[in-house]
Amino acid sequence: MKFSCLKSDLVQAIQIAGRSVANKPQTPIMSGIYMHATENFLEIQATDYEIGVLLHIPAEVEKPGDAVVSGRYLQEVVRTLPEENVTVDYDRETKIFKIDSGRSNFTLLSMNAVDYPQIHQISEGKTFKVSSAVLKDLIRRTTFACSTDETRPVFTGALLELEGNAVRMVATNVHRLAINEGKLEESFDRKDTYIVPKRVLEELQHITSSEIPEAVTVRCTRSEMSFETEKVYLTSRLIEGQFPDYRRAIPPEFSTRVTLKTADFLAAVSRVGLIARSSEYNTVKLIFNMGEVHISSDNPIVGKAEETVPAVIDGEDIKIAFNASYLLDVLKIVNGEEFVLSLNDSLKPAALRDPEKEDFVYILTPVRTKP
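Letter by letter, the sequence shown follows residues 1 to 371 in our numbering.
Hints in this document: simulated from the structure, not taken from any laboratory.
Once the Cα atoms are required to be at most 30 Å apart in a straight line, the calculated DSSO-like pairs of lysine-lysine come out as:
| id | residue 1 | residue 2 |
| --- | --- | --- |
| 1 | K126 | K183 |
| 2 | K304 | K332 |
| 3 | K2 | K95 |
| 4 | K129 | K231 |
| 5 | K191 | K126 |
| 6 | K261 | K304 |
| 7 | K136 | K357 |
| 8 | K183 | K129 |
| 9 | K357 | K261 |
| 10 | K95 | K231 |
| 11 | K183 | K136 |
| 12 | K231 | K24 |
| 13 | K261 | K370 |
| 14 | K261 | K285 |
| 15 | K191 | K357 |
| 16 | K332 | K129 |
Build the full structure now, drawing on both the sequences and the hints.
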C-alpha cells in the first residue's frame, strides 16, 4: 500500500477515529486504526465494538492495500509532521508502515489487517434524514442530564423518539429531566423509540461541528443505530431496556412563575456554588419574594455565601433548594437573555424553560433541607 494525502485531512480523520479506539483493548488488534487505500481515497476505521466510525479522505493512491497501526502512536506521529504533504508506504511482508513528510520519516510496526473487525454498514430498519443543526441542538440540550451510574444503563443514554414529523430527545438521571424537540421534513405514522448511548451522541457533536448545516442520514434497527454525513459514518449499539414514561414527571400546572436574567442568575449561582460544592448534595437555597431571589449556601466546615438578584415573580413566594451543579448545567445552554422558572412548593419538581426554544423543558427535583 502506498498513498499521499494532506496532513490536515489525515490529522482530522485520525483524531475522529482515535476517539473510537478501545481504551483498554482485550486484544492488541483493538488498539489499532484500520486504513484501506483504494482508487482516489483513503478509508479509515476504528471501533471498540460499542461504537464504530468510518471516514474517507482524498488521497493519491499509488498502490492499493490495507493496514492496521497503533491508534495512539499514529495520532501522535501524524500530528507532529512538519509538512502539509504526507506519504505513506506500507510493506506487507515486513509489516513496516513508513510515514514521510518533508525531512521527517517514521516507521511503525503494523498488525494483521485481516484480523480487524471491519465496520458493516446498516442496510435495514427505519431511515430518516435530519439537519445537523437540529441534531446538535437536541444533543446539546439533553445529554448533560444523563446518568453516569453504569448499574442503571437505561439512564446513561438519551431516548430518541420519532412521532409524526417530530424528533424528540430525552435524558434523565432520575433527579433531573431534559426534553428537547426538533422537526423533520418527513412524517411517521407510528411512534418509535430508541435509547442511544451518551458517548455516541457526544461523538456526533464533534463530527457535525461545522457551522454550515448538512444532512445526516439516520438508520435504526432494534439493536443498532448509524449516523451518516458526506464524509463520516458513525455506528453504535443501542441500550436495551425500558425508558420510563417521562411525561409523568412534568407537573401539569404551577403556582409561581419567576422570570430571571440568565447571565445574572448564572453568575450568582456560580459564586454561591463555590461554597455549596463541598457539601453532600451541592445545595444552594433560593428564596423568592419582594421582586428578588436570595441565593445562599451554608457549610459549617467551609463558610457561607449569599447573593441577591432581581426577579419578576408571578404567584406565591417560595423557598426551595437545588443541587447547584444541576442548575448551572442547564443555565449554560439557555440562549435567551431571560428564562422562566416555574414552581409549586419546596418539595415538588420545578420546570425551567428558555423563551427562545419553546420545545425545550428542564425538570429539576428540589433538595430536601432542614427547616
